[in-house]
Amino acid sequence: MIYINSFLFCGLICLIGQVILDNTKLSAGHITSIFVVVGSFLDTFSIYDQIIAHVGAGAMVPITSFGHSLIHGALEKASDMGVMGLLMGMFDLTASGITAAIVFTFIFALFFKPKN
Amino acid sequence: MKHTKKWYVFCIISKDWFMLLLGDDMEKKKYEEIVAKHKPTETRGQNAFIAFVTGGIVGVIGQLLTEVYSSWFDISSKDAATFMLVTLIFLASLFTALGFFDKWVTFCKCGLIIPITGFAHSMTSAGIEYRKEGPIFGLGSNIFKLAGSVILYGVVSAWFFGLLRLLIMGG
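Protein sequence lines, in the order shown, are assigned to chains L and S. Taking our numbering, the leading residue of the first sequence gets 1, the next gets one more, and so forth. Taking our numbering, the leading residue of the second sequence gets 1, the next gets one more, and so forth.
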């Protein structure tokens with residue numbers, strides 16, 4: 001069941017993005033930025049946590065979960081440290097993804113040449 | 001014939017004007033033909049369907065990897081989700097470097113751009129493309145050329161909403 005939920009939720013988010021891309025002048029960069037903001041907004045009231053509980057990894061894969069992870073780590077740290085915790089914990093949960101992307105990009109950029 | 005020369009000049013000029021008008025008209029026609037040829041004809045529904053299916057498949061792969069990792073390494077599903085995201089980032093970076101991920105993205109569009117694979121794809125393609133301009137001003141300054149907006153607006157909105165929640169609900 002959780003596989004079907006994953007499929008439907010992740011597909012639905014991509015569908016919304018594609019509909020916005022085709023019918024407006026916004027580029028892919030605009031859409032991903034908007035989706036990140038939407039993800040962090042949804043987690044402000046813990047809505048995104050409940051979505052993850054029902055949908056599983058289908059909600060972790062889209063870029064909306066990046067915004068959710070940012071604000072989630074910030075709020076976790078803020079419960080101990082107050083307002084400064086927002087700044088300290090911002091990258092707590094997303095650090096792995098960003099670091100992995102940077103390291104893999106660096107390695108592959110050293111060894112591969114552009115194809116076209 | 002006194003006005004021969006003038007008449008001749010007039011003829012040439014008017015011919016030029018005529019050709020200009022005609023040429024302009026022909027170019028316009030050609031332009032309209034090209035526009036009509038490249039106009040999307042009923043592909044929006046198809047695009048949306050492809051994006052839905054590919055996005056869903058990526059979500060299912062994520063769920064599958066999460067469960068496999070949590071049973072293999074005996075870790076919580078939250079940690080397994082992090083492993084899964086790193087795996088997807090690695091695969092997207094590798095396929096981009098090998099050259100065939102670009103074709104997948106042009107076919108699936110948002111089905112691969114909206115998942116975390118799009119983030120890794122934008123970084124790796126920018127890194128590989130700008131590497132020839134040097135390690136500092138090429139690779140270093142352009143690696144976040146496309147992914148930087150995601151981080152910028154994500155951090156600013158998370159900080160703002162987090163502050164809002166901290167002030168209103170007390171954390």
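It should be emphasised that the hints constitute simulated quantities derived from the structure, not laboratory data. Note that this is a predicted model, so its numbers are computed, not measured. Where hints are given, some of them may not hold.
[Said to hold, decoys possible] The calculated DSSO-like cross-link candidates involving lysine-lysine, where the alpha carbons are at most 30 Å apart (straight line), are:
(1) L:113 to S:30
(2) S:132 to L:115
(3) L:115 to S:103
(4) L:25 to S:145
(5) S:30 to L:25
(6) L:113 to S:132
[Stated by the list, open to error] Covered stretches of chain S, as calculated for chain L (at least 3 residues, CB under 8 Å):
(7) 53 to 66
(8) 116 to 123
(9) 132 to 146
(10) 156 to 169
[To be verified] Computed beta-carbon distance windows for the label pairs:
(11) L:110 to S:152: 21 to 29 Å
(12) S:133 to L:53: 44 to 52 Å
(13) L:46 to S:103: 18 to 26 Å
(14) L:50 to S:138: 38 to 46 Å
(15) S:170 to L:110: 47 to 55 Å
(16) S:78 to L:23: 35 to 43 Å
(17) L:49 to S:100: 47 to 55 Å
(18) S:145 to L:110: 16 to 24 Å
(19) S:32 to L:110: 26 to 34 Å
(20) L:95 to S:167: 37 to 45 Å
(21) S:134 to L:79: 25 to 33 Å
(22) L:46 to S:33: 50 to 58 Å
(23) S:30 to L:107: 43 to 51 Å
For every residue, glycine included, the Cβ atom is placed at its ideal position computed from N, Cα and C.
Okay, the hints, checked on the actual structure:
no.: 1; hint: L:113 to S:30; verdict: violated, 38 Å
no.: 2; hint: S:132 to L:115; verdict: holds, 13 Å
no.: 3; hint: L:115 to S:103; verdict: holds, 12 Å
no.: 4; hint: L:25 to S:145; verdict: holds, 20 Å
no.: 5; hint: S:30 to L:25; verdict: holds, 25 Å
no.: 6; hint: L:113 to S:132; verdict: holds, 9 Å
no.: 7; hint: 53 to 66; verdict: holds (count 13)
no.: 8; hint: 116 to 123; verdict: holds (count 5)
no.: 9; hint: 132 to 146; verdict: holds (count 4)
no.: 10; hint: 156 to 169; verdict: holds (count 9)
no.: 11; hint: L:110 to S:152: 21 to 29 Å; verdict: holds, 26 Å
no.: 12; hint: S:133 to L:53: 44 to 52 Å; verdict: holds, 46 Å
no.: 13; hint: L:46 to S:103: 18 to 26 Å; verdict: violated, 40 Å
no.: 14; hint: L:50 to S:138: 38 to 46 Å; verdict: holds, 44 Å
no.: 15; hint: S:170 to L:110: 47 to 55 Å; verdict: holds, 48 Å
no.: 16; hint: S:78 to L:23: 35 to 43 Å; verdict: holds, 37 Å
no.: 17; hint: L:49 to S:100: 47 to 55 Å; verdict: violated, 36 Å
no.: 18; hint: S:145 to L:110: 16 to 24 Å; verdict: holds, 18 Å
no.: 19; hint: S:32 to L:110: 26 to 34 Å; verdict: violated, 48 Å
no.: 20; hint: L:95 to S:167: 37 to 45 Å; verdict: violated, 26 Å
no.: 21; hint: S:134 to L:79: 25 to 33 Å; verdict: violated, 44 Å
no.: 22; hint: L:46 to S:33: 50 to 58 Å; verdict: holds, 56 Å
no.: 23; hint: S:30 to L:107: 43 to 51 Å; verdict: holds, 48 Å
In summary, the numbered hints that this structure violates are 1, 13, 17, 19, 20 and 21.
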